[in-house]
Amino acid sequence: MTDATTRRALRLADYYAWNSITDVALSPDGRLAAYVQRGTRKSKNDHYTNLWLAETSGGQEPHRLTRTLSQDSAPAFSPCGRYLAFLSDREDELEVAEALTNEKEPKGKKPKAQVWLFDLARGGEPRQVTNLPEGVSSFDWSPDGTRLVIAARTPTEMQQKYLEAIRGEEHGPVQLNRMQHKRDGRGFLDEVKTHLHLVDVATRTATQLTDGPCDEAEPQWAPNGEWIAFASNRTGNADANYRTDLWVIRPDGSECRRVTFGDVSANGHRWSPDSRSLAFVSGLEPENAYKLRHLLLVDLAGAEPVADLAACVGEGWSEIGGIVPNLVPGMDPVANGRRYPQPIHQTPYRVLTAALDRIVMGAPMWADAETIIVRAGDRGQTRLLRANTAGEAAFIYPADRFQEVGVCAVAGGKLAAVLDSPQAGPDLYTLPAAVPGSADPTRLTALNAAIVAERDLARYERIEYTGSKGDTVEALVAVPHGWTADAGKAPLVVSIHGGPMAYDAPSFHFLRQYWAGMGYLVLMVNYHGSISYGEAFCESIRGQWGPAEHGDLEAGVDALIARGWADPERLYVTGFSQGGIMTNWAVGHTDRFRAAVSEHGMWNYMMSYGTDDCHNWWQDDLGVPWQNPEGYMKMSPASGVANIKTPTLIMAGQEDWRCPLVESEQMYISLMKRGVPTGLVVYQGEHHALSKPRRMIDRVRRLCDWFAQYGGLPLADDTAEGYPDQH
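Taking this note's numbering, the leading residue of the sequence shown gets 191, the next gets one more, and so forth.
Check each hint, because a few of them may be wrong.
Claimed, not checked - Listed next, with one range per pair, are the computed distances between beta-carbon atoms:
1. Asp661 / Gly375: 35 to 41 Å
2. Ala392 / Gly362: 35 to 41 Å
3. Asp676 / Gln370: 51 to 57 Å
What the hints assert, rightly or not - Here are the computed lysine-lysine pairs in the DSS-like style, where the Cα-Cα straight-line distance is at most 30 Å:
4. Lys659 / Lys835
5. Lys383 / Lys351
6. Lys300 / Lys351
7. Lys234 / Lys882
8. Lys372 / Lys882
9. Lys372 / Lys351
10. Lys351 / Lys299
11. Lys481 / Lys824
12. Lys679 / Lys659
13. Lys863 / Lys824
14. Lys383 / Lys302
15. Lys882 / Lys300
16. Lys299 / Lys882
Hints were generated in silico from the structure; no laboratory data involved.
Backbone N, C-alpha and C fix where the C-beta goes; we use that ideal spot for every residue, glycine too.
Build the full structure now, drawing on both the sequences and the hints.
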């Protein structure tokens with residue numbers, strides 16, 4: 191056990207040793223939990239995700255199942271519990287075997303995610319089950335455990351030739367025909383559709399189940415085996431709206447039915463135990479990103495027969511929308527831009543969380559025939575919510591306001607959940623599914639116990655104050671270990687969350703803990719727009735980014751100064767994504783901050799439209815830029831350029847298509863031309879989120895060094911060495 195006198199603040203090197211859990215599954219009897227652990231390989235400068243297995247009784251140490259250089263994900267137990275299927279992009283054993291049989295060299299191309307299978311009774315290496323050219327995106331077991339239904343990109347012969355051309359050594363030209371022509375992290379988008387296939391587990395034979403001009407995704411096999419549910423946008427203009435409906439098809443393809451009718455954007459659908467209903471998550475106004483997502487239930491009895499699924503495109507609407515007409519004089523350009531599908535009739539769904547003004551997240555989990563457990567955001571915290579089919583819903587766990595619920599699963603009367611907190615980090619626990627919180631949770635992992643035992647980590651405190659609109663705003667404050675107000679005022683970093691509809695929660699955050707270890711107070715404001723405080727609070731910034739959020743941030747700083755905590759002469763501001771946008775707004779509307787760092791933000795929204803991957807969002811907030819240039823500029827941080835005096839470092843990803851590099855470049859040149867101290871750091875080949883561990887550490891150093899240049903705390907001599915690879 192580490193002596194308290196030998197503990198020290200978090201080190202950069204600790205980043206290499208920190209682990210998290212990205213997915214979890216329970217065996218049908220609830221006895222075993224499979225989980226995906228994410229770690230870092232320092233020597234390879236990358237992250238890995240491998241599978242582990244733990245007994246839910248907590249009686250034994252978890253057992254590591256995979257140790258490859260691949261990315262493993264999506265574990266799923268077979269209905270009998272003997273087999274564990276998962277996705278992995280490891281070396282394709284079927285391709286290698288085929289090449290050896292035909293006396294050929296393997297093609298050597300980068301493997302795509304396929305379904306692999308562990309036999310937990312016999313042990314040994316996993317067996318590859320699928321070998322589809324574009325890999326597998328998701329899958330589900332048949333109730334008898336003999337087959338899988340999978341969703342996979344399925345190119346036609348012509349599309350396959352096109353893919354080979356653009357991926358080949360000569361990098362042939364990209365042909366773009368889609369309205370949604372790019373996506374951050376994926377690049378330019380093609381027209382290959384995702385279809386459903388059935389795979390015989392024993393023979394590995396794959397049979398295509400769906401076809402046509404639309405995507406079919408997220409297959410879920412009904413418990414009685416009679417239907418497979420899937421999600422599909424069949425408006426015919428899927429890039430211009432979010433109308434993803436639920437459909438069901440017989441496993442032999444003989445019959446198909448439509449379950450929802452164009453008024454939802456269905457996510458995470460799961461069958462009821464009796465196969466009569468589907469629970470899913472959707473907003474009630476699909477294109478309005480600020481509306482809460484609710485837990486909905488729809489009965490299969492109300493589904494309508496579909497004669498030909500492939501031909502069922504553009505049916506069921508009086509208007510498809512997507513095309514913006516010329517602006518009639520005197521018409522509101524925002525209203526003119528909101529051209530969405532108009533369904534002929536409404537889905538007979540029931541809203542199970544209507545009484546709760548809170549957002550539902552993730553896939554529903556059926557605890558029994560009438561009870562569903564799901565995660566939901568509640569006042570800056572992700573908690574577990576229990577709802578029943580009668581429409582009664584209540585939060586059930588945790589009561590501790592400084593604990594966060596991550597990925598979870600329910601089976602066999604057990605609930606497995608990742609619980610996270612600022613000073614302990616994430617670990618996997620089990621609780622009784624019937625009444626979570628009725629007993630202390632059973633801890634299954636100790637992912638970061640060594641680091642936690644040796645480091646003085648910051649505690650979090652919640653504060654409330656009056657925000658920019660006269661209502662209550664809440665914030666979290668990371669308080670350095672051992673610091674009290676009697677020690678004197680501390681320098682303050684305002685760290686702004688993204689979204690803008692995300693929220694800061696009481697979970698471990700490496701950068702904020704590192705700042706606190708240096709001696710900074712860290713303020714995290716859940717400003718207007720943060721979605722876990724109710725729909726009105728969130729929707730108040732629709733089409734009006736900037737003033738309300740900035741006012742909330744300013745009031746939070748004032749509150750800490752009034753408490754005697756923060757040094758008003760040493761205030762710093764930074765944020766990533768929307769946090770970068772609000773940093774850009776802040777420096778244009780106040781000069782109280784000594785220095786600022788804007789990460790992966792935006793500057794001029796006129797440039798964003800069509801160069802980022804959010805054109806539908808911009809259109810809903812502001813209409814189209816050629817009809818509302820004044821609105822786009824008014825909401826842009828660039829509108830405050832003449833007022834900027836604050837030294838501002840700008841960081842961006844070269845291939846960020848959520849907040850494109852061009853935004854950061856224009857801000858950088860603007861500040862240079864005005865003589866404001868600035869710099870531009872471009873991470874080559876990176877998207878919206880940095881992927882390389884060394885770049886994450888480089889990012890931390892640059893942030894700290896920039897603040898230090900302007901009166902901040904000096905970065906300790908921290909070399910980021912000291913840990914061997916854990917892999």
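Straight-line alpha-carbon gap Lys679 to Lys659, limit 30 Å: Roughly 28 Å between the alpha carbons, so the hint for Lys679 and Lys659 holds.
Distance restraint between Lys372 and Lys882, which requires alpha-carbon spacing of 30 Å or less: 22 Å, holds
Straight-line alpha-carbon gap Lys234 to Lys882, limit 30 Å: 9 Å, holds
Distance restraint evaluation - Asp676, Gln370, Cβ atoms, bounds 51 to 57 Å: Given range 51 to 57 Å: holds, Cβ gap about 56 Å.
30 Å limit on alpha-carbon distance, applied to hinted pair Lys481 and Lys824: It holds: about 23 Å lies between the C-alpha atoms, which stays within 30 Å.
Holds or violated: Lys372 to Lys351, with C-alpha atoms at most 30 Å apart: 20 Å, holds
Pair hint outcome, Lys659 versus Lys835 [Cα-Cα no greater than 30 Å]: Answer holds: Lys659 to Lys835 is near 27 Å, not above 30 Å.
Pair hint Lys299 and Lys882, alpha-carbon separation not exceeding 30 Å: Roughly 22 Å separates the two Cα atoms, so the pair holds.
Lys882 paired with Lys300 [C-alpha distance capped at 30 Å]: 19 Å, holds
Proposed proximity, Lys351 with Lys300 (alpha carbon, max 30 Å): 17 Å, holds
Given pair status - Lys302, Lys383, alpha carbons within 30 Å: 16 Å, holds
Verdict for Ala392, Gly362 (Cβ pair) under range 35 to 41 Å: 40 Å, holds
The structure is consistent with each of the numbered hints, conforming to all of them.
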